[in-house]
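**Student:** Now for the letters of each chain:
Number of protein chains: 2
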Amino acid sequence: MEIYLDNAATTKPSKALLPLFSAHVESEWKNPSAMYPPAVAAERQLRAARETLAGAVHADPAGVVFTSGGTEGANTAILRGYRAAGEKKLHFITSAYEHPCVYECFRALETAGHSVDYIRPRADGKIHPEDVAEKVREDTALVSVMHVNNETGAVNDIAGIAAAVKAKNPGTAVHADGVQGYGKCPLDFGGSALDYYTASAHKLHGLKGTGVLFYKKNAPLKPYLLGGGQEKGLRSGTENTFGILAFARAVEEYMAHREEWVAHMAALKAYLLDKLSDIPDMRIFSPADGAPHILNLAFPGMRGEVLLHLLEQKKIYISTGSACSSHKKRAGSRVHQALGVPADITQGVVRLSFCPENTEEEMETAAAAIKEALAGFRGFIRR
Amino acid sequence: MEIYLDNAATTKPSKALLPLFSAHVESEWKNPSAMYPPAVAAERQLRAARETLAGAVHADPAGVVFTSGGTEGANTAILRGYRAAGEKKLHFITSAYEHPCVYECFRALETAGHSVDYIRPRADGKIHPEDVAEKVREDTALVSVMHVNNETGAVNDIAGIAAAVKAKNPGTAVHADGVQGYGKCPLDFGGSALDYYTASAHKLHGLKGTGVLFYKKNAPLKPYLLGGGQEKGLRSGTENTFGILAFARAVEEYMAHREEWVAHMAALKAYLLDKLSDIPDMRIFSPADGAPHILNLAFPGMRGEVLLHLLEQKKIYISTGSACSSHKKRAGSRVHQALGVPADITQGVVRLSFCPENTEEEMETAAAAIKEALAGFRGFIRR
Chain D
1 MEIYLDNAAT
11 TKPSKALLPL
21 FSAHVESEWK
31 NPSAMYPPAV
41 AAERQLRAAR
51 ETLAGAVHAD
61 PAGVVFTSGG
71 TEGANTAILR
81 GYRAAGEKKL
91 HFITSAYEHP
101 CVYECFRALE
111 TAGHSVDYIR
121 PRADGKIHPE
131 DVAEKVREDT
141 ALVSVMHVNN
151 ETGAVNDIAG
161 IAAAVKAKNP
171 GTAVHADGVQ
181 GYGKCPLDFG
191 GSALDYYTAS
201 AHKLHGLKGT
211 GVLFYKKNAP
221 LKPYLLGGGQ
231 EKGLRSGTEN
241 TFGILAFARA
251 VEEYMAHREE
261 WVAHMAALKA
271 YLLDKLSDIP
281 DMRIFSPADG
291 APHILNLAFP
301 GMRGEVLLHL
311 LEQKKIYIST
321 GSACSSHKKR
331 AGSRVHQALG
341 VPADITQGVV
351 RLSFCPENTE
361 EEMETAAAAI
371 KEALAGFRGF
381 IRR
Chain S
1 MEIYLDNAAT
11 TKPSKALLPL
21 FSAHVESEWK
31 NPSAMYPPAV
41 AAERQLRAAR
51 ETLAGAVHAD
61 PAGVVFTSGG
71 TEGANTAILR
81 GYRAAGEKKL
91 HFITSAYEHP
101 CVYECFRALE
111 TAGHSVDYIR
121 PRADGKIHPE
131 DVAEKVREDT
141 ALVSVMHVNN
151 ETGAVNDIAG
161 IAAAVKAKNP
171 GTAVHADGVQ
181 GYGKCPLDFG
191 GSALDYYTAS
201 AHKLHGLKGT
211 GVLFYKKNAP
221 LKPYLLGGGQ
231 EKGLRSGTEN
241 TFGILAFARA
251 VEEYMAHREE
261 WVAHMAALKA
271 YLLDKLSDIP
281 DMRIFSPADG
291 APHILNLAFP
301 GMRGEVLLHL
311 LEQKKIYIST
321 GSACSSHKKR
331 AGSRVHQALG
341 VPADITQGVV
351 RLSFCPENTE
361 EEMETAAAAI
371 KEALAGFRGF
381 IRR
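Chains as they are written, first to last, in full-length UniProt numbering: chain D, 1 to 383; chain S, 1 to 383.
So that you can see chain D by itself, here it is in the shape it has in the complex (with noise of 0.2 Å):
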């Protein structure tokens, strides 16, 4: 038996989703675009996913922009959701600690002439909204920072930063990454000042390849991809009918149970997190009210890779870092720079993530092949 605990990365399917494909490979598969009855059903059951996906954070569900995934959400809300000023060149805020698929784009905007600040965190692990609203400036464009950070898993107060945003600058558009939070932790889109939030079906159970992108009515959002107008032309490209169905499907289980799996991943982390606190030196950066599914840790002379190679003999799977950035060199993550971590430390990084799926005797055995890896590769533990 596997212990996966590398739910951050991606989660399993929903089981519900099996009759659901039957379905639809059956009768369900029809273009929504076309015009005859079984498409116009396909349509419907398109505005249905739109309901339970904006429900779940009180957004609008007219305000809903299917995607292929948190990218390209975020790619869509940074590069095309603010107010150009013909060729003048405009500010942008973020935070040091962004996912690839967002700080890319602020990467890609400095290229462009533009210019970016970054909002470290404080030591709390959090980005403050005063923090974001000191920077911003009349030609502030757009701010971005996530809702849940995807390595520490700390929690930002995004309708706030929001709020101190717009109190400075009503015109500055507001985007928060929540590809991590959607679904976990509690937002009111709706009742917020945020324009813009984006989430990702795999990591609650939906399949890979779909997202949603929130937008507020009045924000001034342009397409990414250009066509056939689909999504009010906000987005073209047929839609990827199962995906969202799959997605709305995951959702609805998730919201039905999100009290219980929530407090159950809480004490599943704290349960872990006892069962190795008697390591002496090991390092913590997921605060202590972050998302209930991340842990976030370092064992010090002990590379992370290597922890994750030991760990993997057994069958227990959990990451260094994200799995976006497995691509590239890590040289250090540029999440636990911004934390101020120094590198040495930072190669020892793990990341431990959980699914209302996993149960205590996994941590158990977790926690107990943690401690024989370290004691067998450090022999620092006494046996």
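Read the hints as simulated data drawn from the structure, not as lab findings. Don't take every hint at face value.
You can't tell identical chains apart in this list, so a pair holds if it fits in one copy or across any two.
[Said to hold, decoys possible] Calculated lysine-lysine pairs in the DSBU-like style (CA-CA distance at most 30 Å, straight line):
1. 166 to 315
2. 232 to 135
3. 315 to 232
4. 315 to 135
5. 88 to 222
6. 371 to 222
On the provided structure of chain D, position chain S as indicated by the hints.
**Tutor:** Okay, now just chain S, sitting in the frame of chain D:
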């Protein structure tokens, strides 16, 4: 029983995808970017899919970028597939009857100050290589001409077009939208002078939301979606693993039966045309040597939309044009305008498109239903 004749809009997913989905939900859902063995296995499955998809058009599996569909592929190739020259405005060429996912990119390039030539099809419904080459200039950055026209089924000699363009300017990049051609019309992408070729899964019994962009090793391609650096940095975002494996499975199936299936669809098309041939003023826009799966007709005096709704009462599903343009006010399609069809006749256009599962009996039923509809509506066919 429904008779589905809108396979150019989307196709029914192959039944072979059902066991594939069960396996995906059960165990094959890991993030291919992660580092432990099941994730590496997922990455290996993607590699096999690259080979299958590339094999269908003799492309290099190393030159495969998975996308969210034809729209993203075309957007990426056209907007990021040419050598920019700083602030200098460049020249582009496309045809006058492209799909919106191509056309809108060129409109955006025009808005950005570049110039675009739109090549019209000749009387045979095709874009001729010499007509394209004639417009190529020293500053022509990119040419994009579709493989198979999505409304008429006209097949363009895209290899010939690429060769003619490169002969005049080797620095001009050449893209072909292969959404309607891939798998159905043979192409030696590897042996051609084409730089890019775009395909979509759901036109070949795969799933909506998945596509592929083939590119040549030295093509000047840059990413359109920015982030974690998946797909060798050319397309960020967690790969839509199930959609990709489903695409490969569907293509495998298609390629194993291609000759038989293509012959069958061509025979159906000829059969249906024969059955309709006694309708006095029927207009045929599909070239005799067009793609096997598309038949584009007009019955002047009867609006295509009216015929569509009359047929849907008998569960016969056709379209009036591309599904994508059904979102927009159809003041006559760009395709038929480009073909020089008068606006009143354009109003009468319908498209019937086939898949290998369609039958002769369905063609007979459809032909009879069309005649009945025309008779009831116009009263000009003697019963």
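**Student:** Each hint: holds or not?
**Tutor:** Now for the hints, and whether the structure bears them out:
1. Proximity of residue 166 and residue 315 under a CA criterion of 30 Å is satisfied in neither setting, with 48 Å inside one chain copy and 53 Å between copies.
2. With identical chains, the CA atoms of residue 232 and residue 135 are never at most 30 Å apart, being 34 Å at best within one copy and 35 Å at best between copies.
3. Taking CA atoms no more than 30 Å apart as the test, residue 315 paired with residue 232 passes between copies only; the shortest distance there is 28 Å, against 46 Å inside one copy.
4. In this assembly of identical chains, the alpha carbons of residue 315 and residue 135 never lie at most 30 Å apart, being 46 Å within a copy and 60 Å across copies at closest.
5. Taking CA atoms no more than 30 Å apart as the test, residue 88 paired with residue 222 passes in both settings, with 18 Å inside one copy and 25 Å between copies.
6. Taking the shortest alpha-carbon separations for residue 371 and residue 222, neither the intra-copy value of 51 Å nor the inter-copy value of 45 Å comes in at or below 30 Å.
Checked against the numbered hints given earlier, this structure breaks hints 1, 2, 4, 6; the rest are met.
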